[in-house]
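Could you put together the complete structure from these sequences and hints?
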Amino acid sequence: MADLNAIVEQLSTLTVMEAAELVKQLETKWGVSAAAVAVAAGPAAGGAAAAPVEEKTEFNVILANAGANKINVIKEIRAITGLGLKEAKDLVEGAPKPVKEGVNKDDAKKIKDQLVAAGATVEIK
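Numbering follows this note's numbering, with no gaps: position 22 of the sequence shown is 22.
Check the hints yourself; a few may be wrong.
Taking lysine-lysine pairs in the PhoX-like style, the calculated list, with each CA pair at most 25 Å apart, reads [as the list claims (entries may be wrong)]: (1) LYS110 <-> LYS56; (2) LYS109 <-> LYS56; (3) LYS100 <-> LYS56; (4) LYS89 <-> LYS109; (5) LYS56 <-> LYS125.
Pairwise CB distance ranges (calculated) [unchecked claim]: (6) GLU27 <-> GLU123: 33 to 43 Å; (7) THR15 <-> ASP113: 24 to 34 Å; (8) ASN69 <-> LEU26: 20 to 30 Å; (9) MET17 <-> ASP90: 31 to 41 Å; (10) ASN72 <-> GLU21: 42 to 52 Å; (11) LYS24 <-> ALA117: 44 to 54 Å; (12) LYS56 <-> LEU11: 19 to 29 Å; (13) ASP113 <-> ILE71: 10 to 20 Å; (14) LEU85 <-> GLU18: 41 to 51 Å; (15) GLY31 <-> GLY94: 29 to 39 Å; (16) LYS125 <-> ASP90: 18 to 28 Å.
Simulated from the structure, these hints should not be mistaken for lab results.
Computed from a predicted model, the values in this text were never measured in an experiment.
The beta carbon of each residue, even a glycine, is placed where N, CA and C say it ideally should be.
Pasting the structure below:
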């Protein structure tokens, strides 16, 4: 018998797109439909939706307010984005503005922490 823990670990590494492809291949091989199972399970769960919820993977870091230490915030913006002094100053003075878009959760948190430490108010969306 196959090591079930190893199979679980392998399946845990799949992306959403790979998991969807796996479902299609298993449906074809076994001649079943996963949709029929989900529909049958839905009413048994009190009408709750059976569709999986995708976790958000890309975040936008928005500078909401530069705060009292505008110079420190400008320095951090320059370090984070690589913008020139004028562009960084314009971004800070034009708040709320996006600092970085489409970054992963960890990077978004690091950027937010840097800017908050400099005195800014930051949102992650």
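Going through the hints against the structure:
Between the alpha carbons of LYS110 and LYS56 the distance comes to roughly 17 Å, so the proposed pair stays at or under 25 Å and holds. In summary, the hint linking LYS109 to LYS56 is supported, as the alpha carbons are separated by about 14 Å, within the 25 Å threshold. For the proposed pair LYS100 and LYS56, the alpha carbon gap of about 16 Å is at most 25 Å, so the pair holds. This hinted pair checks out: LYS89 and LYS109 have alpha carbons roughly 22 Å apart, not beyond 25 Å.
For the hint pairing LYS56 with LYS125, the CA-to-CA distance comes to about 10 Å; that is within 25 Å, so the pair holds. Taking the beta carbon of each, GLU27 and GLU123 are about 42 Å apart, inside 33 to 43 Å as hinted. About 28 Å separates the C-beta atoms of THR15 and ASP113, a value consistent with the hinted range of 24 to 34 Å. Between ASN69 and LEU26 the CB atoms are about 56 Å apart, so this pair departs from the stated range of 20 to 30 Å.
Separated by about 39 Å at the C-beta atoms, MET17 and ASP90 satisfy the suggested range of 31 to 41 Å. Taking 42 to 52 Å as the suggested C-beta distance range, the pair ASN72 and GLU21 conforms, at roughly 48 Å. Distance hint check for LYS24 and ALA117: the Cβ-Cβ separation is about 47 Å, which falls inside the suggested range of 44 to 54 Å. The hinted window of 19 to 29 Å between LYS56 and LEU11 holds, with their beta carbons roughly 21 Å apart.
Between ASP113 and ILE71 the C-beta distance comes to about 19 Å, which sits within the given range of 10 to 20 Å. Between LEU85 and GLU18 the CB atoms are about 45 Å apart, so this pair conforms to the stated range of 41 to 51 Å. A hinted range of 29 to 39 Å for the beta carbons of GLY31 and GLY94 is inconsistent with their spacing of about 59 Å. A C-beta distance of roughly 21 Å is found between LYS125 and ASP90, which places it inside the suggested range of 18 to 28 Å.
Checked against the numbered hints given earlier, the structure breaks hints 8 and 15 and satisfies all the rest.
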